[in-house]
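Undergrad: Each chain, written out:
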Amino acid sequence: MMSLRSAADTEFCAPVAKQQQQQQRPKTTAASTTTTMGIYSVYVINKAGSLLFSGDYAPIPSMDANSRLRLAGLLHGLTTFAGKLSPVDDQSGIEEIEGDGFRLERFQPLSGMQFVVLCDTQQGPLKPFLRKCHRLYADFVLKNPFYSIDMPIRCELFDTHLKAAVEEINRS
Amino acid sequence: MESRTHPLDRALPRVPRDISLSTYALLFSEVVRYTTNRVNSVPELEQKLAVIGRRVGVRLVEVMAMRDRTSRRRIKIHDVLAFLQTNLWRTLFGKPADLLEQVTSDVCSYMLSDHDMLVNKFISISKEYGDLNCAAFVGGIVEAAVDGMGFPAEVAAHTVEGKGTTLLIKFDHTKIPQEAL
Amino acid sequence: MARREVKRVNGELFTMTYGALVAQLLEDYESDDEVNKQLDKMGYNIGVRMVDDFIANTNTERCGSFKETCTTLAKEGFRMFLGVTATISNWTADDKECTLTIDDNPLVAFVELPDEHRELNYCNMYCGAIRGALELLQYRTRVTMTKDVLKGDKDTQLTITLLEVLDDVPPPED
Numbered sequence: 001m002m003s004l005r006s007a008a009d010t011e012f013c014a015p016v017a018k019q020q021q022q023q024q025r026p027k028t029t030a031a032s033t034t035t036t037m038g039i040y041s042v043y044v045i046n047k048a049g050s051l052l053f054s055g056d057y058a059p060i061p062s063m064d065a066n067s068r069l070r071l072a073g074l075l076h077g078l079t080t081f082a083g084k085l086s087p088v089d090d091q092s093g094i095e096e097i098e099g100d101g102f103r104l105e106r107f108q109p110l111s112g113m114q115f116v117v118l119c120d121t122q123q124g125p126l127k128p129f130l131r132k133c134h135r136l137y138a139d140f141v142l143k144n145p146f147y148s149i150d151m152p153i154r155c156e157l158f159d160t161h162l163k164a165a166v167e168e169i170n171r172s
Numbered sequence: 001m002e003s004r005t006h007p008l009d010r011a012l013p014r015v016p017r018d019i020s021l022s023t024y025a026l027l028f029s030e031v032v033r034y035t036t037n038r039v040n041s042v043p044e045l046e047q048k049l050a051v052i053g054r055r056v057g058v059r060l061v062e063v064m065a066m067r068d069r070t071s072r073r074r075i076k077i078h079d080v081l082a083f084l085q086t087n088l089w090r091t092l093f094g095k096p097a098d099l100l101e102q103v104t105s106d107v108c109s110y111m112l113s114d115h116d117m118l119v120n121k122f123i124s125i126s127k128e129y130g131d132l133n134c135a136a137f138v139g140g141i142v143e144a145a146v147d148g149m150g151f152p153a154e155v156a157a158h159t160v161e162g163k164g165t166t167l168l169i170k171f172d173h174t175k176i177p178q179e180a181l
Numbered sequence: 001m002a003r004r005e006v007k008r009v010n011g012e013l014f015t016m017t018y019g020a021l022v023a024q025l026l027e028d029y030e031s032d033d034e035v036n037k038q039l040d041k042m043g044y045n046i047g048v049r050m051v052d053d054f055i056a057n058t059n060t061e062r063c064g065s066f067k068e069t070c071t072t073l074a075k076e077g078f079r080m081f082l083g084v085t086a087t088i089s090n091w092t093a094d095d096k097e098c099t100l101t102i103d104d105n106p107l108v109a110f111v112e113l114p115d116e117h118r119e120l121n122y123c124n125m126y127c128g129a130i131r132g133a134l135e136l137l138q139y140r141t142r143v144t145m146t147k148d149v150l151k152g153d154k155d156t157q158l159t160i161t162l163l164e165v166l167d168d169v170p171p172p173e174d
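Residue numbers (this note's numbering), protein chains in the order written: chain A, 1 to 172; chain B, 1 to 181; chain C, 1 to 174.
Simulated from the structure, these hints should not be mistaken for lab results.
These figures come from a predicted structure and were not determined experimentally.
Hints may contain errors.
Output of the computed footprint for chain B on chain C, the stretches with three or more beta carbons under 8 Å from beta carbons of chain B [as the list claims (entries may be wrong)]:
hint: 1; region: 8-18
hint: 2; region: 23-29
hint: 3; region: 75-85
hint: 4; region: 130-143
Incomplete in silico selection of chain A near chain B, CB under 7 Å [unchecked claim]:
hint: 5; residue: F81
hint: 6; residue: G83
hint: 7; residue: F107
hint: 8; residue: S148
hint: 9; residue: I149
Restricting the straight-line Cα-Cα distance to at most 20 Å, the calculated cross-link-like pairs of lysine to aspartate or glutamate (EDC-like) are [stated by the list, open to error]:
hint: 10; chain 1: B; residue 1: K170; chain 2: B; residue 2: E154
hint: 11; chain 1: C; residue 1: K67; chain 2: C; residue 2: E97
hint: 12; chain 1: C; residue 1: K41; chain 2: C; residue 2: D28
hint: 13; chain 1: C; residue 1: K67; chain 2: C; residue 2: D94
hint: 14; chain 1: B; residue 1: K121; chain 2: A; residue 2: E156
hint: 15; chain 1: A; residue 1: K84; chain 2: C; residue 2: D167
hint: 16; chain 1: C; residue 1: K7; chain 2: B; residue 2: D18
hint: 17; chain 1: B; residue 1: K121; chain 2: B; residue 2: D18
hint: 18; chain 1: B; residue 1: K127; chain 2: A; residue 2: D159
hint: 19; chain 1: C; residue 1: K75; chain 2: B; residue 2: D18
hint: 20; chain 1: B; residue 1: K163; chain 2: A; residue 2: D150
hint: 21; chain 1: B; residue 1: K95; chain 2: B; residue 2: D68
hint: 22; chain 1: B; residue 1: K121; chain 2: A; residue 2: D159
hint: 23; chain 1: C; residue 1: K154; chain 2: C; residue 2: E112
hint: 24; chain 1: B; residue 1: K121; chain 2: B; residue 2: D98
hint: 25; chain 1: C; residue 1: K37; chain 2: C; residue 2: D148
hint: 26; chain 1: C; residue 1: K67; chain 2: C; residue 2: E164
hint: 27; chain 1: C; residue 1: K41; chain 2: A; residue 2: D150
hint: 28; chain 1: A; residue 1: K47; chain 2: C; residue 2: E61
hint: 29; chain 1: A; residue 1: K132; chain 2: C; residue 2: E61
hint: 30; chain 1: C; residue 1: K151; chain 2: C; residue 2: D104
hint: 31; chain 1: B; residue 1: K76; chain 2: A; residue 2: D159
hint: 32; chain 1: B; residue 1: K127; chain 2: A; residue 2: D89
hint: 33; chain 1: A; residue 1: K127; chain 2: C; residue 2: E61
Backbone N, C-alpha and C fix where the C-beta goes; we use that ideal spot for every residue, glycine too.
Please take these sequences and the hints and turn them into a complete structure.
TA: Here it is as structure tokens:
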């Protein structure tokens, strides 16, 4: 199991205004400007690192299409790299990245599909949510006769169920 | 070469009472995918799905008739419709159909509705497929069933926003005697 | 191993839908061999999709050896998707080939192979599905039917042969 903590201010995720570079991630306090909206966005990436789906669920500036693609590719590259760094053989790649005002959690089941969620720093662990995303993918994407594997996901039922799952998390 | 065992001589196969929804959905999805690749329009797709459904309907009604020897032959349209809504739907989907209504002022047209049509459970219809409803397959099952009971009809599957699928059953009034209505 | 409740569907609807599909294929294609190929292809499409479904509903974490994978596929996979257990046997010395036996094949209930279609492998979809599932798990295999109840055998048997272990190559398109 691998967890990568990064204090670097990545250009991809800036839910709050860009802050100065810091060596230590500051502890979020009640006075911080961190938004507490739960899940910001969800990404579905295939085994090869291609972005198949991205959904935004918070009223924050979202990334443009190209940045999203780069995020998917970069995350995929980082994970492959992490695999090479790890002294352990049977490991699941990067599972978590923390930064200023956001947390990224990644889940990769055996099939190779990757489910990534971006959320605020106060959001609890989202592994169960990511597993649910996987189930929703297995149901509303893979059982759709008009969907071809590795194509961008444009399945209405997947969208609506995922949105409902996100809202359930964000409400609590 | 071994002589082929006659199916009636083979040990009676235990058809599993149930199969997982995932399995059926994956098979049905493949049926739709296969059919989609062989047609050029939505109506043609629905028509071909109905053809496959009809084959299922013919066999299913045979099997149901074998099991239910006590029932008398249904000679009134009302009984045929009740059969569809309860017996057939229960066999197919484990529950009766949600609604059965006659189309106003047409004793030969009826609407059978299912708010959670099983075959459509995981299917999202994108805009380019217009008003496609894959339950045309179920429409075919119904067509075969009513035809087998002596009440031929045309069945079309319609999507009702937020309310699942409605099958519009138009009986052939030229083939139905007045006293059966 | 945690397992979610799976919703059920009438087994006869399943076998009859499969039968109706085979009948349609026999109409659409000239030879039994072409139908066998089509069943295999469709099975493959289903197989590659079954893996995520299986993992999502059983929280499988570990990926074992080819031998372990085949055993899990036969025992747990068949149980989850078809409600029957298949058994794996006859491993070759190099662990690259085995036999999968299905005792209670749900597809063949009340099916009789007509004389003009003696070459039809009615259950060929199993071969494609297993091939697809294994390929998604990075094992390229050849799966063939070796015993068929519709042709007089006692049970349904297939042979799974490992051809190549793939290295991070996504499975080919449908």
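Undergrad: Checking against the hints above, which ones are violated?
TA: Result: hints 4, 5, 6, 7, 8, 9, 20, 31 and 32 break, sorted rising.
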